[in-house]
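As you go down the protein sequences, you meet chains R, D and Y in turn. Counting in my numbering, the first sequence tops out at residue 673, every number present. Counting in my numbering, the second sequence tops out at residue 673, every number present. Counting in my numbering, the third sequence tops out at residue 673, every number present.
Simulated from the structure, these hints should not be mistaken for lab results. Some clues are possibly wrong.
The list treats identical chains as interchangeable, and a pair is accepted whether it falls inside one copy or across any two copies.
[To be verified] 35 Å max Cα-Cα, derived DSBU-like pairs, lysine-lysine:
1. K405 / K532
2. K202 / K405
3. K410 / K535
4. K405 / K243
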Amino acid sequence: MGNFAACCRGFWCKAKNPDVRVSLPAVCFVWQIAMIILFGLFVRYDEESDAHWSEHKHENNITSDIENDFYYRYPSFQDVHVMIFVGFGFLMTFLKRYSFGGVGFNFLIAAFGLQWALLMQGWFHSLDPADGQIKIGIENIINADFCVAGCLIAYGALLGKVSPVQLMVLTLFGITLFAVEEYIILHVLHVRDAGGSMVIHTFGAYYGLTISWILYRPKLNQSKNLSGSVYHSDVFAMIGTLFLWMFWPSFNSAIADHGDGQHRAAINTYLALAASVITTFAISSLSAKRGKLDMVHIQNATLAGGVAMGTAAEFMITTYGSLIVGFCCGIISTFGYLVITPFMEKYMKIQDTCGIHNLHAMPGVFGAVVGAITAATASESVYGHEGLVNTFDFKGEYAERTPAMQGGFQAAGLCVALAFGIVGGAIVGFILRLPFWGDPSDDNCFDDEVYWEVPEDEESLPPILEYNSHMVGKNTDMMSNFTVEQS
Amino acid sequence: MGNFAACCRGFWCKAKNPDVRVSLPAVCFVWQIAMIILFGLFVRYDEESDAHWSEHKHENNITSDIENDFYYRYPSFQDVHVMIFVGFGFLMTFLKRYSFGGVGFNFLIAAFGLQWALLMQGWFHSLDPADGQIKIGIENIINADFCVAGCLIAYGALLGKVSPVQLMVLTLFGITLFAVEEYIILHVLHVRDAGGSMVIHTFGAYYGLTISWILYRPKLNQSKNLSGSVYHSDVFAMIGTLFLWMFWPSFNSAIADHGDGQHRAAINTYLALAASVITTFAISSLSAKRGKLDMVHIQNATLAGGVAMGTAAEFMITTYGSLIVGFCCGIISTFGYLVITPFMEKYMKIQDTCGIHNLHAMPGVFGAVVGAITAATASESVYGHEGLVNTFDFKGEYAERTPAMQGGFQAAGLCVALAFGIVGGAIVGFILRLPFWGDPSDDNCFDDEVYWEVPEDEESLPPILEYNSHMVGKNTDMMSNFTVEQS
Amino acid sequence: MGNFAACCRGFWCKAKNPDVRVSLPAVCFVWQIAMIILFGLFVRYDEESDAHWSEHKHENNITSDIENDFYYRYPSFQDVHVMIFVGFGFLMTFLKRYSFGGVGFNFLIAAFGLQWALLMQGWFHSLDPADGQIKIGIENIINADFCVAGCLIAYGALLGKVSPVQLMVLTLFGITLFAVEEYIILHVLHVRDAGGSMVIHTFGAYYGLTISWILYRPKLNQSKNLSGSVYHSDVFAMIGTLFLWMFWPSFNSAIADHGDGQHRAAINTYLALAASVITTFAISSLSAKRGKLDMVHIQNATLAGGVAMGTAAEFMITTYGSLIVGFCCGIISTFGYLVITPFMEKYMKIQDTCGIHNLHAMPGVFGAVVGAITAATASESVYGHEGLVNTFDFKGEYAERTPAMQGGFQAAGLCVALAFGIVGGAIVGFILRLPFWGDPSDDNCFDDEVYWEVPEDEESLPPILEYNSHMVGKNTDMMSNFTVEQS
């Protein structure tokens, strides 16, 4: 028994080997070839992107090409695309020596995930019953980007501590879970969540936090010297922050209803974000000696208003309602960075590199609750009859649903998102603990040297010192492994 | 009497205390709560962003959602939004140790200002007489961004020398003045200024320059070691430059007339900007030993063509007219950096950190003059009857106005902008001289250490030296204060 | 005879003088004034950007301003604009001490080239036979940006080795050649190439490579210490990469047909780019010790899928077809960086700083072939009758053309692009070898000090050493000149 335990421990704790020369290309090739085959079997253009569009126009009395959904949604799509690749990517460049990994792995898993998302979401939402094939158009590629966002949020908790192969596994399962969760929330429960407070942010954040909890690294402080920022890496991160902040109105309005739906979603998000900025600066200044602002807060908590408007942005939440949401979220999120993240790391063994609990989890839950309340209190006097039906899609089998019932379903949707995030994260976390994924050792975290050819900087003289500290770290690690295996 | 003078001097000149731990959060909270209350009382969705849009469509025989103003203006709005936050923000990161302040305070005051702008501009332009409430839509949030731009321009003159609390006061008054000035120019005088050569640039620049003149710091050269750039900070600033440059056609066309108005404004601005680049490179090279180019010119003067097309972009200024405007402005603006800024600093006691006099003031005035001339020479043969009426909005009570009269009113508009900038700046400047705003001492300017937690750079070894020089600076300052108080 | 040869060699090899104080301003001024005159003579607004638009609407029964082409294409135009200035510009900031030159000269020649492109393309494509004038609108300014892209690609091969004056000459001839080549391919041969695999990428790349071959610098390794990147310059380059990658769907769809054409082009490009990323990471990891990724590959080869979809994006290439194209191009392009670029430098005397052969030449040719095959295999069953006619523009004098014939013409188009690139490049290369263009000496390449006022970096201490190595380099150079002249 003791032998077995020792053996197990040896299996789980053996010296880390972050060589991904076989595993990364293997996963990439196998996967990409599988994608090509599956797309060949299942994915076709929809009627608006197919060359038969001109015939479709005649049949449906569409008078102008401008009625093609492309022109309603393409500008928003491009903004969302920027958020996914530059926004999330550069937000994660803040670490002094993990900028390549931050922006580079974000690039890899987003490009990887969006293909799988087109398939998974397609099977659930865009399957043409006539021929059993997925018909894709502009809305599908926006949704694929949204789906990827969930996994990129999860990456935020794990930044610097996982290998690219682990990230691909995380993404593969994350997209799958997302598509199922989204189907249950949006279609089974008929919940409205255009900007994804529940579907994207709550799910993604709890998925990542649970994985981070399972991959807890007790000796992570061996990498402490690389876990902070330098001056210019903080400026790089501001590029990510600002593109996320500016384009969040497009995120929340991208797949909202044509016309007033998109229009209102953009305005509400714009207002909530502005209020978040003000309260973030306030709390950040209030919490520090001499009122000095902390870049971590400015880079992250300013965005919380956008997260929290994900559900309610398309509702008639009113302009001051949006400001109140942003006001609260800036406070909650900054407070999270000051108090909750250190607490979680110390007492709950959750290491959350980017603080996604503060930026996505709490504001996401808050936004879901706001959405449920806003939906429950909707009325014909505010929306007009037609407006109410359109906004909540009270049509077909849902024609009898009342706003109050809708509020209840919205709340149920939040529970589904939480459950999928936590249970899914637990399962995937255990898979990621398998010892062959090539993750770095505790003293090698937050370091691009592990997975990247890093140029020698003439400008930084003390690489010798740094290198030595690494060697020392490695020796210690080997010795600790030796001890474990002896026991 | 001598006592009183000494007391006064003591009051105005007492040792600076840049601690904003109480004042910054207090202003943020009070202000944000006031905004929520005022929005609750006054701001509602307009007919295109309200859920009653579907009913509005029926009533007005609008056949398609694509006719919602959102689809005419949202892409331009997002471009303008990028200019405000990334464009202005990163343009101000060029200082070697004030990048956090450049991009961060820009973020704060833009998010702060746009809320106040929605209210102030709403009261003047979008008040619904039926219920006394402001109805907002996409055009209002573009205008709010425009309004904020005026204050960000003013910030350019003061970069590195003021506290965030001062910036918020500057913004609060700036937005207020802007809204009044804009009302007088656009509504009372019925002047056309879609891209704001007068309303935004001339006003903003003279507002900032006047404040800078009143806040003159005779001992600013104590911060001389931080008043320049480093290699990478200049590259960061180019991000700002390029996003401003690329999206300026959207800026000048964002609120122009639907159809040919927006189309022509974009093309004219595109051309003027291209010509500015060429003459900026020419003058920059001509002025230096061995023809070496100066990044300051490239970062700023290349944009002058966009500023100068703010008024005339939507007119039939012709394509070569646009090129001529850009040609002249590139020369004027670069010349300003070479000659006028040093002159103003030395002889007129105006310290203009970003050179807004060259980028906004001179090209703005130039653009207003160009606009007046273009308007005065407009004719039905060039515009067509309907085109002339639409372009200059010669409708209703203005149906009798001739192009020549319009030219005169355009010139009058410039005077209003100048007057508001200078007089408003003088008043606000004196308010900002009050000694409790937390501005830095003369030897502490251009330094993020004052208001930000700055990460320690391993890469830069000599912080000890730097720190010492600060200490020396501080001692000198205290001594000089001591002397003043004794007298 | 020996005397003449020595004299010639002396003429061609005399000590380089990179002083552009006279030549750069002279070219800029002469050229910009010429542009103003030519625009005055030839360029007018088209019917959609002219103030007569409202009359045009009545005459053509256009019911809404939204039918103005501006609203179909402006969002794509802005994305293309970002690719040209930020995308290409920042992609070229990767060198440790040539970021100013990378982004700055890119800015100069793009602004310079687009004016000339409007004229040259206008004469060939947009000449109004009624009055002999060029009528420009949104599509023209997109095409001008496209045209400039060809020259910026060529700049990639020469980065760090040429003077700004040489770049302007290169651009002047490049735009001219481009316009003729494009006219032959698109109009004479009636070939489809919306995203320019042939017209832009193949032409631009071979134009640049041929020039680089003629300007071969045998002693370029004297600048070896500056030919690499540093940590932060690689992150800056990722800004360029990502904006190119994200907006490539806009590039390929910007001038595609309204409706399904633009819609499909965007989707196909989106998919091909995603697949490129996966195979680029795979090959990059596979090729290095311990699977370490190389930033050069990630920055460049990930984009190859977009290049290769330039021709076929608007066709019914199918979604899996797009993935296959991206799959192949990621492999080809990364392989190029690993094997072909070093081979070309060593054995073919082609020094290709940015590896444009891998990013533009090979994927461009590949894309042209893919386009020819896709066109040749098109059928009415896939496109529908009307769809086939619209997609390939089988109208008027081309009404009888079959898909198979179209495939042949597409292949002919590729040959034209190659011929123009290589022959044009050879001619321009010899012009650029003239000794008065101010290019840097072999030991001065990749160094911003030559053409820019570079701020002193406090952070980098060893400029003294660097300066010395320059001096040594210069001495050697002078001595070798001396030897040559003596012989």
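Hints and how they fare:
no. : hint        : verdict
1   : K405 / K532 : within (12 Å within a copy, 48 Å between copies)
2   : K202 / K405 : within (13 Å within a copy, 45 Å between copies)
3   : K410 / K535 : within (16 Å within a copy, 47 Å between copies)
4   : K405 / K243 : neither (63 Å within a copy, 63 Å between copies)
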